[in-house]
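2 protein chains.
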Amino acid sequence: MTPAGTARSHRESDISMTLTDPQPPAAVLPSSGTLRPVSAADVRITGGFWAQRQEVNATASLRHCLSWMERLGWTANFDRVARGEEAPSAGREFADSEIYKLLEALAWESARSGDAWVEETFRSLSARVVAAQQPDGYLNTRFGGPGQEPRYSDLEWGHELYCAGHLIQAAVARARTAGRDEFVEAAIRLADHICEAFGPGRIERVDGHPEIEPALAELYRVTGDRRYLEQARLFLQRRGTGTLDHGEIGPEYFQDDVPVRDADVLRGHAVRALYLSMGAVDVAVEDRDAELLGAVTRQWRNTVARRTYLTGGMGSRHEGESFGDDFELPSDRAYSETCAGVASVMLSHRLLLAEGRPEYADLIERTLFNVVATSPDAAGTSFFYVNPLQRNAPGTEAETDRPSPRAASSQRAHWFDVSCCPTNVARTLASLSGYVATTSDRGLQLQQYAEGTIDTRLASGDRVRIRVETDYPWSGTVTVAVEEAPGEDWTLALRVPAWARGRARIADATGAERVVEEALAEVPMSAGELATVRLELPLEPRLTLPDPRIDSLRSSVAVEAGPLVLCAESVDLPAGTSLRSVAVPADAAPAAMADGAELAGVHVHEGEDPWPYGPAEAAEPDREIRIPLIPYHRWAERGPSEMRVWLPRLPA
Amino acid sequence: MTPAGTARSHRESDISMTLTDPQPPAAVLPSSGTLRPVSAADVRITGGFWAQRQEVNATASLRHCLSWMERLGWTANFDRVARGEEAPSAGREFADSEIYKLLEALAWESARSGDAWVEETFRSLSARVVAAQQPDGYLNTRFGGPGQEPRYSDLEWGHELYCAGHLIQAAVARARTAGRDEFVEAAIRLADHICEAFGPGRIERVDGHPEIEPALAELYRVTGDRRYLEQARLFLQRRGTGTLDHGEIGPEYFQDDVPVRDADVLRGHAVRALYLSMGAVDVAVEDRDAELLGAVTRQWRNTVARRTYLTGGMGSRHEGESFGDDFELPSDRAYSETCAGVASVMLSHRLLLAEGRPEYADLIERTLFNVVATSPDAAGTSFFYVNPLQRNAPGTEAETDRPSPRAASSQRAHWFDVSCCPTNVARTLASLSGYVATTSDRGLQLQQYAEGTIDTRLASGDRVRIRVETDYPWSGTVTVAVEEAPGEDWTLALRVPAWARGRARIADATGAERVVEEALAEVPMSAGELATVRLELPLEPRLTLPDPRIDSLRSSVAVEAGPLVLCAESVDLPAGTSLRSVAVPADAAPAAMADGAELAGVHVHEGEDPWPYGPAEAAEPDREIRIPLIPYHRWAERGPSEMRVWLPRLPA
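Chains as they are written, first to last, in my numbering: chain L, 1 to 652; chain A, 1 to 652.
With the rest of the complex left out, here is chain L (with noise of 0.2 Å):
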């Protein structure tokens, strides 16, 4: 079994699925694909990095999100809507929006935990919201209300489809972790209202904000109802031919410059631009088509290769919170956002699925440790909105006891004025074991590492349960014992991301180990087996170098380990020291410190010029300096601080 036919035989094989009622809790079901997903309920996160953030989520960040919805009448927007009151309507046109991803982290969290206020938090708001539901099935707190402008008056900016599609997304969520209930079926109805209004010879326009699409396809899956997958087939095919109106931002912004199909790298706002692909997938997927997917896997693979930070996170300008062009991936100005990083992991997961290659559950994995974890603070109330790779100046305290402005602060804040981060992570969080492993005819691939077990069919039917025991990331020590085996020979894989290929070693049932040079590091199983496999993947810090073509980040390094990327901040330093002053020799090699690295350095750059450009560089190190580097995704955790993911390397 080479690594060339492994890769051949997943990309040949198509695993068509059937639609069930209930479906099985995944967080996307293609009904056809190279890998299927695991169902969420197959997986148990028991222990560990993820364990830990799950449960601060289920125990505070629910509660923190519903709070400040709650406090600042987002909710009770809903509330008015049903009683047909005139009033503003609080906060931004998607505050709608929030709720829902609330409810759909909530309807995840009930299926995971059982947790009886999660489950009636779910009911409780999720009935609010359908008695704001109008007869014909429209469903907006802030349009074509008594005083409110009309229906779809502002399909730019008005966010009502992105809103519904949240909607949509939620009740997916709700049906398949609990079947079809009262809100389910009030998304259905919203549907069906969509449907009927932007159907073909009725508003052949589409919403500024893409989010509708991928709902509308995997509210298909759910009810089998082809209007909806035709509807979102639609939506797709108008963006890119102008039905929006651009004014100054231009079409780039709204992906409306060039049609999903042609195009050929991720472009415009970050996170529009992300879910418009996973729409735009999730609907190839289900026609059978392999253009407009291969249209996808190209913006991907471009988009990866040129206009990705280290971390995963995606979207290089904070103007139009949009991605810039190749290789402009300023760290200090990195936009970055939160949602973009659980968006870029959702499209990948969707990618994964079709096609089956392991480069996509690196970038999940990288943008879970870096992005995602990056957000929330330890007590899961405090959320990061932009994740710059570099901050320059310590800044301030963050507001505390009223929203910030999204990209501003320098610290984590409680709530934002546009606040779509945290109820996204949120949501991630409560379905992240849906990621967590796939399986194909006769195999099981555990994607992402966690403690934690797997007790699932493969998609031929047989029966498997395995047991993960690791600490990663702070160990390269993965062991799955096999507890229960299926009845024929199988194959259980291992990804080994790309860092780690040539240096991890895999020791099979019988202790044998070899290094592992490929993405797949596959144990042939035999039937009924009930073996242990230990997966040791080099976590000891490394150095990384930039494409040169980066502009920002020439003659730079960074330091990895294992998954983390890590970072230096200010606070480390000696008093009065700034990271601006700060280098590292040529031959710099990091050291493992306790749950980060530590580099040997350099104080340079003292100097004040006049005028910062001359004849001659000024780059004088004047004393020996030690410069630790912890967990970026730990990173404000002490207060202000300048903080840098890239530290300039001195000319050898």
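These aren't lab readings, by the way, just hints derived from the structure by calculation.
In this text, all values refer to a predicted model and were calculated from it rather than measured experimentally.
Don't take every hint at face value.
[Claimed, not checked] Restraint ranges, calculated between C-beta atoms of paired labels, are given here: (1) D264/A to A60/L: 35 to 45 Å; (2) G250/L to E637/A: 17 to 27 Å; (3) G242/A to G576/L: 25 to 35 Å; (4) P574/A to T532/L: 51 to 61 Å; (5) E637/A to D136/L: 56 to 66 Å; (6) D471/L to P574/A: 52 to 62 Å; (7) P621/A to G201/L: 56 to 66 Å; (8) A586/L to P574/A: 24 to 34 Å.
[As the list claims (entries may be wrong)] Partial pick of chain A residues on the chain L-facing surface, computed with a CB cut under 7 Å: (9) D325; (10) A398; (11) D401; (12) P405; (13) H605.
[As the list claims (entries may be wrong)] Chain A is nowhere near these chain L residues, computed Cβ spacing over 12 Å in every case: (14) A60; (15) R92; (16) Y152; (17) D225; (18) R649.
Note that CB positions come from ideal geometry on N, CA and C, so glycine has one too.
Guided by the hints, dock chain A onto chain L, whose structure is given.
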């Protein structure tokens, strides 16, 4: 006479001036300062670089601006208001200011050339403006009329006082060049209204966009009415105290975060920051307020040392059109708005007059040649709004038949939705002779080099007439012939830019040459002596390296020639070669070429990695390549192209 002694003598002298009516047509006319402005009427630029641009401005740009504003209905706004009609205003909320900046340009141009069309256009256009004035002096086409929002109901974004400031500046130019006319009287009525409406105990707030501050200070200089100076001072004192509602954009954008007197560096929206600083200098000079003046010079110094591009451009961020952090100076995302360049010239000119330090004139020269001269095309009918130092993709041709988004075009555009830059360039070119020279008690200082004549009086009252012969910046030879000399000994001083010091040579009337190490080459002149002095400035192209704290420029080089920044354009590379794939060897040295230079470079980085970060740098040169360099101000004259000022330098 030592250089140190010279500098001291400049700082210690303090020239007081008497307000006269009509005033000399100086671009700005402080009543005290180290140096005195030379009236624009006393300077004729007769040939060369700037004469050509003044001619194009007079014959093409002024008509171009007028015709676009007629076509878009911005001028007709005034006619509608004069008729008392209710109709929506054309253009953005600051459209009035464009008419006023055109009027200012026309006023200067009428005085410069005496052109009949220019004078007639000033009269007819100003009459339309005056006709729209309300009985109480208020004048704005967007507020306060039937069906419009009330006056001063949106100080943050309404731009009413900003527009008023530009009207007053136009009236100041008219008063100084032609005396008081109906338009000047209208400006005085408007200023009186503003003093009434915004005086103590009335609306104690400021405008979101500074401009009224320098305008009122200058109107005080024209009229002698201290109310205007007092109102300017009030506006300055209020800024930084939070009288504006900042919303999500925050107080820094409006310079409302810190009082002017307490700030250390320019920040927020660049044009706002610079206009505000102009007003602060004007008030400080009139009040003999050394602390306030010191605050602005401190901010100028820190801004020039840490927040200014090689071109002199200011404003690192598209978002908020704002300054960035210290050393945040990305080439590709440089905003470097043309208007910020114009404002920087006006601010530095004020500081030059106040303090006499040559670095202000150095920055004026750099900014005129590399920002102001870059904006218009050779025909004077297309303009850059933003002036990045790098363009990563060729982009597309600009719109020709409709206004372009301000920051989107890769090419100069005929007009913009926000079209502040064309009229700002026009008024600068029309008044440019005011920046050429200054005088002191017993000296004349040549601050900028252009072929022409200066016929003026020293501050002592002695007349001096000189002729300047030069083809600068294409030739470094500047010959100054004294054609009429004062009756007492005096000093002719020629500014030697920082890049020329130690290499420039000056020859006095006897032909005796010496190398100039200092910033002002002073030539003692005897009473009545009609001598000729010759300055030789070294224009051969030179390598420039960046401060290592500028991340985006690390290990990069630029080439300058005299005051000109040079750049590479991909249209000059072999077909299919991207500037992304070009670097220069560590020992690169530019060779002079006609109107530019050339670097021997190498072609690198053709690879396409799926992930742009890894354990090794892949920057192997694969072939040698010649990199032609042209003056930056001439880029994009040959269609869409990649462009770079800074080129990566390979390690030694």
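**Request:** Confirm or reject the claim that G242/A and G576/L have a C-beta distance inside 25 to 35 Å.
**Result:** 31 Å, holds
**Request:** Just tell me: holds or violated, for the beta carbon distance of P574/A and T532/L against 51 to 61 Å?
**Result:** 60 Å, holds
**Prompt:** When the nearest CB of chain L is found for P405/A, is that gap smaller than 7 Å?
**Reply:** Hint holds; P405/A Cβ to chain L Cβ min 5 Å, cut 7 Å.
**Prompt:** With a cut-off of 7 Å, does the beta carbon of H605/A approach a beta carbon of chain L closely enough for the hint to hold?
**Reply:** 6 Å, holds
**Request:** Note whether the CB distance of P621/A and G201/L lies within 56 to 66 Å or breaks it.
**Result:** 60 Å, holds
**Request:** Please verify that hint: D401/A, Cβ, nearest Cβ of chain L, below 7 Å or not.
**Result:** At 17 Å from the nearest chain L Cβ, D401/A fails the 7 Å test, so the hint is violated.
**Closest CB of chain A to the CB of Y152/L still more than 12 Å away** = 24 Å, holds
**Request:** Mind checking the hinted window 24 to 34 Å against the Cβ distance between A586/L and P574/A?
**Result:** The hinted range 24 to 34 Å holds for A586/L and P574/A, with Cβ atoms some 33 Å apart.
**Asked** Is it true that D471/L and P574/A lie within 52 to 62 Å of each other by Cβ?
**Response** 55 Å, holds
**Asked** Just checking, R649/L versus chain A, shortest CB gap more than 12 Å?
**Response** Given a closest Cβ separation of 9 Å, the condition is violated.
**Prompt:** Honestly, do G250/L and E637/A meet the 17 to 27 Å range at C-beta?
**Reply:** For G250/L and E637/A the Cβ distance comes to about 24 Å; the hint holds.
**Prompt:** Do D264/A and A60/L keep their Cβ atoms within the hinted range of 35 to 45 Å?
**Reply:** The hinted range 35 to 45 Å holds for D264/A and A60/L, with Cβ atoms some 40 Å apart.
Checked against the numbered hints listed earlier, the structure breaks hints 10, 11, 15, 18; every other hint is satisfied.
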